[in-house]
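**Student:** Fit chain B to the known structure of chain A by using the hints.
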Amino acid sequence: MSAPYATAGLITQASLVARLRWRIFINSLRNVRERISLAGNLINTVLLSIGGLVIGAGAAIGGFYVLQNKSEGGLVLILWGILLVWQFVPVMTATISGAVDMRNLLRFPLRFSTYCVLQLAYGLSEPAGVMALFWTGCLGLGMFVSRPSAALWIVPALGLFALMNLILERAVLTWFDRLLSNRRVREAVFVLFILAMISTNLIGPMVQRYGKRATFAVQQAQQYSRFLPPGVAAEAILAPMHSKFLGAGESFVLLAGYTLAFAGLLGLRLHAQYLGEDLGETQRVVPVKPATKRVAAIPVSGAAAKRSLLDRILPPPLGALLQRELIYVKRNNVMLLNLVLPPAILFFVVFGAMSGPRNPGSGEFLRHAGQFGFPIAVAYASLIFLQVSFNGFAYEGAGVQMLYVAPVRFRDVLLAKNLLLMLMMLFEAVVVGAVVTYLAGPPESAIVLGTLLWLFFSSMLSFSLGNWASIRFPRRFDFGQFRRRTSGFSSLLALIAQMVTMMFAAIVYLLSLLLGSPWFIPLIFLVLSAAAVPLYFRLLGFCAEVGLDQREPLIAEMTKVRNT
Amino acid sequence: MSTPAIETHNLTRRFGSLVAVDNVNLTVDGGQFFGFLGPNGAGKSTTIKMLTGLLAPSAGRMNILGLDFQQNGLEVKRQIGVVPEGLALYDRLTGSEFLEFVGRMYGLELATARQRTAELLDFMQLADRPKTLIADYSHGMQKKLALAAAVIHGPKVLFLDEPFEGVDAIAAGTLKEMLSRMIARGATIFLTSHVLEIVERLCSHVAIIHQGRLVAQGSLEELRAGVASAIPAGASVQPGEKLTLEQIFISIVGPGTAGRLPTEELSWLV
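Residue numbers (the numbering used here), protein chains in the order written: chain A, 1 to 564; chain B, 1001 to 1270.
Hints are computed from structural coordinates only; laboratory data are not their basis.
Nothing false has been slipped in among the hints.
Chain A side only, calculated, beta carbon under 8 Å to chain B, not exhaustive: (1) 316; (2) 328; (3) 399; (4) 401; (5) 402; (6) 404; (7) 559.
FRET-style restraints, in silico, Cβ to Cβ: (8) 1070(B) - 127(A): 49 to 59 Å; (9) 1017(B) - 26(A): 22 to 32 Å; (10) 109(A) - 1180(B): 43 to 53 Å.
Here are the computed lysine to any residue pairs in the SDA-like style, where the Cα-Cα straight-line distance is at most 25 Å: (11) 560(A) - 1040(B); (12) 1131(B) - 336(A); (13) 560(A) - 478(A); (14) 1156(B) - 1122(B).
Beta carbons are placed, not taken as given, at the ideal position from N, Cα and C, and that holds for glycine.
Bound conformation, chain A alone (with noise of 0.2 Å):
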């Protein structure tokens, strides 16, 4: 007897996939939660689009203006731009959001073929590829329009830099799996990722301050990148204007073995993967040990020392569970860089007026930067870790059970959450006046005074509502992943909370303006702040009543095992 199937082909294949991708996402959308968020991520597609288009016009312009004036180092620098954008993107959101594993697949009967044009496939359904690809077209658009007699090698030059660059990312984030499989690595990518970022901002006042050297350096890089696929792609269309064919079939030959050279390494990777490599953290073999003698009690340590101190001031169990939180604030690095954020910022914005050119507007700046860098900086870093407290048990994971069988009272849990925060933010206030003093002076004592005053109070009313927030709506977060997807609800009752004790700290500062006293806002926050704290322990017991009645769906939230 014959089987009764046939082999599945490539598109039969490729086409299930696709409707495979298509009714997860629509049976996503079951959860109202989940609908939501949809919601903000059609916002997010929409204005991302805006901006891809904005960019695309400006690639087609470029596009046009190089061609005219046949300037190689401007098309060189438009194609390191789209490049940089289709390599990098894809690795960054790899390592915030997990890239989809598509070695699942490989469990079903599928040709080496098929698997190695669904991966490519994937690669150009990716929004950075997608973004990449149509600038690469507006920039191919632009340089038509200025000579349409050149279509005959831009297309092909193009189209094979697009296809480089679609292989490109796929071999950079298949060999970037066995890092990425790390959890370490991937989040000491990210962190490097953002760090790169906020330095990006140094750029301007370094050129500004050693502008001919840094110019020199631009220019002895241009020179080596002529070498690179981006120069090469630039020499294969603008050499035939210059009636070097010689030159241009040389650029052609060199990009097309690029491709192939990365096509190599693609294989070399997929293949492996198709004969059942998997290096996910799952399969990762933990190493056994040969057994070992028994261990000795641990000694104490000089940290563990430090430890006992924390005991001596707060009662064991809201000790226990501060020190818990603190050795999880050392182990997150979006915490760590929510810490780093506002003085970075605060540096950088000073720093820049201090390095760039003179004017008038500057010097005022300057004089002032010492009042308002300050409260303002000390406000930044509120809207971040305040905005925290309102999913507080992110992090939790399956530990948060432990809250529940442990004796230990539910208020103690939240204090102890609130605690750290607020510790948080006082560190974050000595750092940021710290530069602001080194920066521009130190800001006046009315200033400083006022705005731990108002953070405390701030905090006091955030706390307040935050708790109820984490438990009512609670989303878990996984280490290492930027993705904010906190509760719509969430977010709306933080911005609220925000916004109103923002207006009250505006409202405070121009009466102190109209009085002519500074001392006027601590005098007013300090009434604030000691109505706020009876209202806050008021409000703490009750959160905790609610944190008992709702621990199922808590736990149930905390405990869900995701899938990417």
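**Tutor:** Just chain B now, kept in the frame of chain A:
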């Protein structure tokens, strides 16, 4: 008569219209190694969650060591240890950080928590990886750590939800050794497991829950006697042959739920 270690009266839990646990009346005496069995979705985990404070009952009462759970939640929690379904581990802590944290949550002095942490890690053969995060532990190591956390405060009653699931034979041996020692010292252990051989070997008493209702409860011998009398003559069990727990279980719960395939169906299977 001594106070039962665990006692429930009409314990009920509803999820909307679904009654997951329906008027369950359980009695577990002190010092018993008690196995709580049932097919998938029978209500085992829901019951254990209620008994450990992870889920509020819709109706009924629970007494642990004579204390009403609802009235004396904190006091009861001090006396019990739990390895829940999701293990309740903080995967960004190291093993020693986690045990120390748990010890202090249960009110142990810092020095005592540290001493017990070291001893437990040593006993569980986890001490040679002091800097490894729990996230990087294997599943078996995580299970051993979860058990260590459940006993660090010396509980009188221990609740274990599927403690041997996904654990290799060596790790399982370590766990069984520890549990046997606890029983020898007078602790009560309440465990759920799908591995009937393990329950049969470890437990002195068993209860079976099916579709939310308690359908059997007693010592293994009592259950054997009850089932044997109900088996018709000519059945596969020979006279005088000792019934296994699997036979008891299938006999009580019914073969339909055990996943037996009617022979006429799925005839295309090779």
